[in-house]
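Assemble chain B onto chain A, guided by the hints.
Protein chains: 2
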Amino acid sequence: MSTLDAVLSRIDQDFDQSIERLFALLRIASVSTDPAFKDQCRAAAEHVAADLRSIGFEAGLRPTEGHPVVVGKAKGGAGPRVLFYGHYDVQPVDPLSLWKTPPFEPRIETLPDGRKIIVARGACDDKGQAMTFIEACRAYKAVTGKLPLSITTMIEGEEECGSEHLFKFVRDNAEEFKLDLALVCDTAMWNQDTPAVTTSLRGLVYEEVKVTCADRDLHSGLFGGAAQNPLRLMAKILGALWDDNGRVTIPGFYDGVKELPSDIKADLKALNLTEQQFLGQVGLKHSAGEKGRLVLEQTTTRPTAEINGIIGGYTGEGAKTVIPGEAIAKVSFRLVGAQDPVKVCDAFRAFVRERMPADCKVEFANFGLAPPLQLSFDNPALTKARTVLAEEWGHKAVAVGAGGSIPIVADFKQVLGMDSLLVGFALDDDRVHSPNEKFDLKCFHKGIRSWARILDALAQ
Amino acid sequence: MSTLDAVLSRIDQDFDQSIERLFALLRIASVSTDPAFKDQCRAAAEHVAADLRSIGFEAGLRPTEGHPVVVGKAKGGAGPRVLFYGHYDVQPVDPLSLWKTPPFEPRIETLPDGRKIIVARGACDDKGQAMTFIEACRAYKAVTGKLPLSITTMIEGEEECGSEHLFKFVRDNAEEFKLDLALVCDTAMWNQDTPAVTTSLRGLVYEEVKVTCADRDLHSGLFGGAAQNPLRLMAKILGALWDDNGRVTIPGFYDGVKELPSDIKADLKALNLTEQQFLGQVGLKHSAGEKGRLVLEQTTTRPTAEINGIIGGYTGEGAKTVIPGEAIAKVSFRLVGAQDPVKVCDAFRAFVRERMPADCKVEFANFGLAPPLQLSFDNPALTKARTVLAEEWGHKAVAVGAGGSIPIVADFKQVLGMDSLLVGFALDDDRVHSPNEKFDLKCFHKGIRSWARILDALAQ
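Chains as they are written, first to last, in my numbering: chain A, 1 to 460; chain B, 1 to 460.
Looking at chain A on its own, in the form it has when it is part of the complex:
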């Protein structure tokens, strides 16, 4: 029997205890955003640190200006030194009345389709997911007496409130955490049977645009027809951000955007997700995105522009014939590939400025400037992970992009110079952030086995 087989066997035998250990962590109400739960956040951190020590990590709490970070370090076999990232904090539980049972009293339930699930706040996000990795380490330690690789853990306590203090912590301790590869377990599977590796995260540029025309609000009866109207300018300028094919019209916007390798695109196409399926869940049918693109490309591997908000003029009941003096819009861009957020921001500002009449004023404020992340499709860790995930789940592991950003992962690349391998076992119906959050027992079990396989493969 190979070491891996022994480890997998151990995982299966020990699974009831794995559930008990997860339950113990789930019972701690570590809601990070609410100061009332500060002690419980610390208790969760202590709990995780103690658990890591029990399997051979040198582990302890590292202070930040917010909740502490659990850092554990263990030497292991040759191969890449990995940094495992997860978080012990959870979302608030409101509205509590919608929970069928108390959110911090984990329980196992059987769904009508026969699936067994763990129900609790954090069951999936991220206690359950983080524990898939720790349980895999535990099994390795039990079977071989050591870990397959040198592993550092960084289990933070503020992910659900923006990781505010983690950025500084990473920068301040960059030398300590500059390892070979980050492993992150906070993403989703494609579906119940199909594992996924998240190979790209879109970046973000978020701008506030304030247009000022007249120095006061005007009466449209007196000035209408002559005075410039900032809402008209806003509509004209922002309406010109897209062409009729849904492409963004800002010059140079697509610089650095590459086509997917044909095999990766073929995999996405084979998933057969239609616009109707994807948009039907929110009451829409037709994509507004770039024509001729898969909906999965539009939402994950292609850049976008969105107007997130506009306000100006009279917005109350009925009529007021005002020409407002100013109007404000929030405009954001999701970036991919090698798009440069600073260049995109500058190009957007130039696009607006060029279209402003000489006697009107535009001011910009930036509220976000994150680069996109792209794991190279020929990264050996990715290739290994996809191979062993397929062995575990019986289906090819897809390489997907995530539409949103995970800012700390960007810092792993920018500050620590490390790629991240994002493998997660969440499902779309896990009700993450919502009442009655759950994690499938199968996902927990096979998630542990998956990490065992990935660690084994990376160690080869």
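Be careful, since some hints might not be right.
Put simply, identical chains are the same to the list, so a pair is met inside one copy or across any two.
[Said to hold, decoys possible] Computed list of lysine-lysine pairs in BS3-like fashion (alpha-carbon distance at most 25 Å, straight line):
hint, residue 1, residue 2
1, Lys-269, Lys-384
2, Lys-413, Lys-100
3, Lys-75, Lys-442
4, Lys-258, Lys-236
5, Lys-146, Lys-75
In short, the hints are calculated from the structure, not lab data. These numbers come from a predicted model, not from an experiment.
Quick look at chain B alone, frame taken from chain A:
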């Protein structure tokens, strides 16, 4: 000495008493919009009715569901039977702290440039203006023992709060008020020396547009690039309402819009009002209106489209990467000539609907549908009025358009079938609706003389 000369002479001799009579009316705080002033509104109406009786009118208060209408009737010489419209109510005085003296204690002040002015709420709008007409009648009565024409007065008490009940009053009593010509004294001169007749009032279409895309707010990280965004639709559609020359692009929008007669346009051009002069007062320099048009055309005799308000998505501090489910805009159109408000409204709705994706929804609500008014430039009353105004003021009287609407004047045309001759003596610096409202003594005096001349001319 002609009758007119005798009447004008009488006006000059009696002017100090004219001022006293206006002051008596100004002392009554007839703020129509505030229920606390209900009794004073009634007192003002009684005051005006008694004054009309003192010069031979059969006059009394006619009830409405709001403040009463003062209706006076007097038989006079042959010629057109005229309806004189004015209002005895005034705007609120807030902010009271900005008044140099109490608003209902009228006083005469001398400006640094030597002009003498009457300062009080209502000094111009509309007590002072209405009294120019009544004082002209008084002088006629004193000199000749009767009025030069048969005159009906309609002095209402709700103009400053939308004339809400006057519309029904006019419709309910249409037969009584169907006369030959309406005279209105509630508009402005071109400048201190140049009288004006307002020959057109722009109509109005006011629409609220609600665009709904997804059935909820979406996260732009998950749905951005595929889900339609109602703010993007709004910007794209409303931004297309104007072409690069400032013309409205709705098909058929300009149906019924005629060019000004060349002599009228030449008069406007001779006034030499530049974009810089007109827009400089509100901090702008360049007109956003139709290229190649005088700013006076743009603001009075050409139709317009304006976005009066937009709201949608996130409008608070900082960033929220939301794709909103819905957005709302207020859009209005000023109409001229023979534009049909119903057709314009329908054409606008069709313009929006044609541009809506099949899976998104648009709803409209109408908050205004008033036709434009245009006095024919060859109307004999207009010709006579312009002639005698020039005699009184020593400058050609310009025929100007008003950018805004006076809805009751539209009803005089539509319900009563009567044209209106709008002659007023307000100046741009009268601070109408603002603290320290004033009326130039010269405007009051020559205004009375002007009405005497107009009545005389109409009687010929």
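Now the hints, each set against the structure:
Taking identical chains as interchangeable, the C-alpha atoms of Lys-269 and Lys-384 lie at most 25 Å apart only when both belong to the same chain, with a minimum of 22 Å there against 80 Å between chains. In this assembly of identical chains, the alpha carbons of Lys-413 and Lys-100 never lie at most 25 Å apart, being 41 Å within a copy and 67 Å across copies at closest. Taking the closest pair of Cα atoms, Lys-75 and Lys-442 never come within 25 Å of each other, the shortest separation being 30 Å inside a single copy and 98 Å across copies. Taking the shortest Cα distances, Lys-258 and Lys-236 never come within 25 Å of each other, neither inside one copy (30 Å) nor across copies (28 Å).
Proximity of Lys-146 to Lys-75 under the C-alpha cut-off of 25 Å is restricted to the intra-copy arrangement: shortest distance 8 Å within a copy versus 115 Å between copies.
The structure fails hints 2, 3 and 4 (numbered hints given earlier, in ascending order).
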